[in-house]
Amino acid sequence: MDRTPDKMELEMNEETIRKAKLEMRTQKIELEIVSIELREKDLEKMRKRVGELKKAWEKAVSSGKNCGAPGE
Numbered sequence: 001m002d003r004t005p006d007k008m009e010l011e012m013n014e015e016t017i018r019k020a021k022l023e024m025r026t027q028k029i030e031l032e033i034v035s036i037e038l039r040e041k042d043l044e045k046m047r048k049r050v051g052e053l054k055k056a057w058e059k060a061v062s063s064g065k066n067c068g069a070p071g072e
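Here our numbering is used: the first residue of the sequence shown is 1, the next is one more, and so on.
Please keep in mind that the hints were generated in silico from the structure rather than gathered at the bench.
None of the hints are false.
Lysine to any residue pairs mimicking SDA-like chemistry, simulated, CA-CA at most 25 Å apart: (1) K45 / E58; (2) K48 / E58; (3) K48 / L38.
Take the sequences, apply the hints, and build the full model.
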């Protein structure tokens, strides 16, 4: 099988396309990883905020019980 210049150019183009597709897939995966990391950070912030609100609520309820507020 002879490798003509046209055949070699076609093979090079196909290889370039395969590399480009692989690079695109790699970038897509990297973006998904970053997106997951950002969601994890947001979730951690929400957990922290919920913890703070829970403590504030418990403190308010405790203060209400200690001062003889209605609803005891």
